[in-house]
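Colleague: Take a look at the letters that make up each chain.
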Amino acid sequence: MHGLRDGLPIALGYLAVSFSLGIIAAKAGLTAWEGFFSSFFTRASAGEYGTYTLVAANAAYAEVVAMGLVTNLRYMLMSAALSQKIAPGTSWLHRLFMACCITDEVFGISIAHRGYTPPSYTYSAALISTLFWASGCAIGIVAGSLLPPSAVAALSMSLYGMFLAIIIPQAHSDRNVLYVLIASFVLSGLCAVMPVVGQWSSGMRTVLLTVVISAVAAWLKPIKSEKDGEA
Amino acid sequence: MEKHSVIIYILLGIVVTNLIRVLPMVCIKGQIRNRFVRSFLYYVPYVTLAVMTFPDMVLAAPTPIVGTVALLTGIVAAWLRLGLLPVAAICCAVAYLMII
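Chains A and B, in that order, are what the protein sequence lines are. At position 78 of the first sequence (counting the first as 1) the number is 78 in this note's numbering, and the numbers step up by one without a gap. Just add 1000 to the spot in the second sequence (first one is 1) and you have this note's numbering.
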């Protein structure tokens, strides 16, 4: 019950964001049913956005796998962190299902739960937010075409706004993240306009820049040994 | 070039995303000790989302000027820690007011 209560505000936020994700999915040619199915089982804003842009570009399947690995790498970190919050003796099946529930927000409230997090808490929060997430995507696919073009164009900004809301606050508290973000913006902008490199697909660019910039940052500015590495 | 199947794209996305979620839970018994790996994993989400936001946000807008203003407004709103939904809403509102 607590999971449902804490999951509802997340669900409402998801509904708005996945609606605009649905507009992108519609451009890529997904049906409402495909959007619902995809969103219900993937539950990853950046990952799904990446997939849909690759579908629109008719990219190679290998690019979808590479894109999925990189855009969702943060879930590895969250999964590792969540593993420490599950009571010893909990069955491995519960551990697997709890891991599958991880999204930025569901992870956030699961990790903030006092003491060990009961599986039912994570499940109920994930269930309600996932239903809203998948419905929003399907509604976006169907209704996106009914909205005036100016509203659709404005809504296309919402996903990027959410990305900014995830990355910028950390730059506020960690100067190294600020430098990393500036480097990312500059290099990404350069890569988009430079000859040869500008011809790369956006998926390729995302994967390569992420690996290179993160590796250089980890080498130059490693996190403090005692500080927890979770995002 | 032949047209790929949407369903296969979707299934690949689902499998990869959930495999990533499940693997650490299965493999990692304790904390990751390697400092470079932990630092790398720490920076990855920020770099990925930054690279996906710029220049895409500017290019996805009806005009680059609308996109740039929405981007700058979003950065300020996020810097003030307004939260996920408010920041997204502000970006949309600014873009909408500039279009109409």
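The set of hints was computed from the structure by calculation and includes no laboratory data. The reader is advised that the hints may include incorrect statements.
A few chain B residues facing chain A, derived, Cβ under 7 angstroms [as the list claims (entries may be wrong)]:
no., residue
1, T1017
2, I1065
3, G1074
4, A1088
Okay, the calculated bits of chain A under chain B, using three or more residues with CB under 8 angstroms as the criterion [claimed, not checked]:
no., stretch
5, 9-19
6, 110-123
7, 128-134
8, 157-165
9, 213-221
Just so it is clear, CB atoms sit at the ideal spot from N, CA and C, and this is done for glycine as well.
Colleague: Which hints from the list above does the structure break, by number from lowest to highest?
Modeller: 2, 6 and 7
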